[in-house]
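Chains as they are written, first to last, in the UniProt record's numbering: chain A, 1 to 363; chain B, 1 to 161.
Mixed in with the good hints, there may be bad ones.
[What the hints assert, rightly or not] Taking lysine-lysine pairs in the DSSO-like style, the calculated list, with each CA pair at most 27 Å apart, reads:
{"#": "1", "chain 1": "A", "residue 1": "Lys170", "chain 2": "B", "residue 2": "Lys10"}
{"#": "2", "chain 1": "B", "residue 1": "Lys14", "chain 2": "A", "residue 2": "Lys170"}
{"#": "3", "chain 1": "A", "residue 1": "Lys204", "chain 2": "B", "residue 2": "Lys22"}
{"#": "4", "chain 1": "B", "residue 1": "Lys22", "chain 2": "A", "residue 2": "Lys77"}
Treat the hints as calculated values from the structure; they're not laboratory data.
Here are the chains, one letter per residue:
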Amino acid sequence: MGNEEEEEELVAEVEAVEAVYGTDCVLLSSFPPHFHLFLKPRTADVSSQQFVEAVLEIRATSQYPKEPPSIELVDCKGLDEQRQKHLLNYIQSKAREISPCLMLVALCEEAVEKLSAMNHPDGDCPLCLFPLVPEDQQSESLPFMKLMSCFHCFHSECIIRWWKWLQNSKESDSANTDSTAAHRNQDKHKKMEESVGNCPVCRKPFLAKDLDHVLALVGSYSSQLSSDNEELKDEETVLQSEDEMIRRQKFEAILNLQKENSGLIEPKKDIVILPGMYLPQPVAMPSSTPTKESDEQTQNEPPAVVSGKQAGGTSNGASSSRQRNFGPRRQKARSDNHSSSTVRNTRKPVQQWVRRDSPSNKQ
Amino acid sequence: MTSSSGAARKNLSKIACNRLQKELVEWQVNPPTGFKHKVTDNLQRWVVEVIGAPGTLYANETYQLQVDFPENYPMEAPQVIFLHPAPLHPHIYSNGHICLDILYDSWSPAMTVSSICISILSMLSSSTTKQRPEDNDRYVKNCRNGRSPKETRWWFHDDKV
Chain A
1 MGNEEEEEEL VAEVEAVEAV YGTDCVLLSS FPPHFHLFLK PRTADVSSQQ
51 FVEAVLEIRA TSQYPKEPPS IELVDCKGLD EQRQKHLLNY IQSKAREISP
101 CLMLVALCEE AVEKLSAMNH PDGDCPLCLF PLVPEDQQSE SLPFMKLMSC
151 FHCFHSECII RWWKWLQNSK ESDSANTDST AAHRNQDKHK KMEESVGNCP
201 VCRKPFLAKD LDHVLALVGS YSSQLSSDNE ELKDEETVLQ SEDEMIRRQK
251 FEAILNLQKE NSGLIEPKKD IVILPGMYLP QPVAMPSSTP TKESDEQTQN
301 EPPAVVSGKQ AGGTSNGASS SRQRNFGPRR QKARSDNHSS STVRNTRKPV
351 QQWVRRDSPS NKQ
Chain B
1 MTSSSGAARK NLSKIACNRL QKELVEWQVN PPTGFKHKVT DNLQRWVVEV
51 IGAPGTLYAN ETYQLQVDFP ENYPMEAPQV IFLHPAPLHP HIYSNGHICL
101 DILYDSWSPA MTVSSICISI LSMLSSSTTK QRPEDNDRYV KNCRNGRSPK
151 ETRWWFHDDK V
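Chain A on its own, in the form it takes in the complex (with noise of 0.2 Å):
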C-alpha cells in the first residue's frame, strides 16, 4: 500500500515536471522518473540574448527520492568544459541536499536558474584570442556577435574580417584562373554559393544571414578597427589595394549618376552617402568596403538596430544596464585608441568626404 502511493506520488511529480516544462521535457519513462529536459536560459525569448543552452538527463533509479537521481549533461552549447562541471557539480549537490525530499520540480528550477546566471558568453575571442568581455571594465569592450546555429562567440569583427577574407579570396578566384589556387579554394566558394558558412571552431554550417546583422554594422566596426589597429603606413597601402580601387569606381559611378540626375541619385544609393552612416567610422573600410556586400550592408540598414542591441546586449537582469553602458564604453575604447590622435579622428570624416567627392586627386 504504501509503495503503490509513494509510486503515484512519483507518477503526479513527474506529471508536474510535463505540466511545467511542456515541450522543453522529454519523458522516456515516469516510474523511476528518467527524463531529458531542455534547458534555455529565462531570458532567452530574445535569442540574440541566448548565450548558453544545455539538454539535461535526470535519471532516478527505485531508490528515488532516498536516493538522489543521477544528472548529466546530454548536450550543450556555449558552455566549455569547466563551465559544464561547474553547471552540473552545482545541479548535483542540489540534488543531495533535497534528498529523501521529492525534488524533480525543484531540480529543474534550480537548473534553469543557474543556466540563467550563467547566460553569458565566456572566454577568448577563437579569433584574435581577446577576451571576448574583458574581466577588468577598464579595458576596452569590443562588441561580439554569436553563431545561432552552435553558440559559438566571436568578436563582431573579428568574424566579419573573417568572412570578408573568404568572399575576397572567392571573388579573386574567380578572376584568378590559376587551378591550384582555385582548388584551394573550391570548398568556401562552394560556401559561398549557398551563402553557407561554417563556424571557424566547430565547423558546423550557419548562414549567411546569420551575420548579415553584423555586416550591416561592419562598416562602423572594422573600418573602425583598422583605422585605430593598422598604422599610417598600412592605409596607404589600403588606399592603394584593389579594394579601394573597386570602391573608387563604385563612387565615381555614383557621383556620375549623380551628375546626370541633376543631383537626385537612386534612394538605395543615397543610403551609401548618408553621412550618418559614415561619420562615426573614420576611414571607408579597407579590405572590407567594396563590391556586392557593401550593396547589401546599406540594404539592411534597419537590422543595425537590432544587432546593435544584440552586440551589446548579454544576460539576463543585467543585460539593460549592460546595454546602456555598453555605448559609453565603446566610444571610451575609441577614444583611447586615439589618445595620440584624437584631432586627426575627428577630421577623419572631412577627409573622408573629399576624398571621396574627388576620387581622381588620389588615383
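Please arrange chain B on chain A, whose structure you already have, making use of the hints.
This is chain B only, laid out in the frame that chain A set:
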C-alpha cells in the same frame, strides 16, 4: 591574394602580429606537451622541437618543425614543414612536407600553432609503420623548385594515421 606560398614573403599584418604575440605568450604559459619553441626574435618563423610521444614508434626521437606565417594569418594557414631530417612516416615526405588536411583545405582561423602541433604529434603517434609515402620520390622531385606544400594539390584519403 591567396598567394600564401613561399615562406615569409610579406610582412605580417598588424592583426597577425597581435594574434601571434598572444599565441606566443599563451605557449610560454602553457606549452603543448612534447613541444619546445626555439626562441628567436623572428615572430614570423617559429621553429618548434617535437619529441616523439613515449610508447610510440617515435619515442625519444626529436624533430624540428618550421612554421612560417603568412601576412594574413590566421585567415590563411601557416606553412608547416619538418626540417631535415623529417620523421619517417606514411604522410611525411622526405623534403619535410606534411600531408595533413588542417594545414591546407581544412584550415580554420580558430586553430593555433599549439593545436597544429598537437595534431601533428597525434599523426606521428598513431603511425604503425615507419615508412615514406608511396609517391615520395615523385613528389619530392616535383618540389625541387622550392615549391611550398601549400601549393600542392593534396589528396586526403587516409584518416587512420
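Status of the hints after comparison with the structure:
no. : hint                  : verdict
1   : A:Lys170 with B:Lys10 : holds, 21 Å
2   : B:Lys14 with A:Lys170 : holds, 23 Å
3   : A:Lys204 with B:Lys22 : holds, 26 Å
4   : B:Lys22 with A:Lys77  : holds, 26 Å
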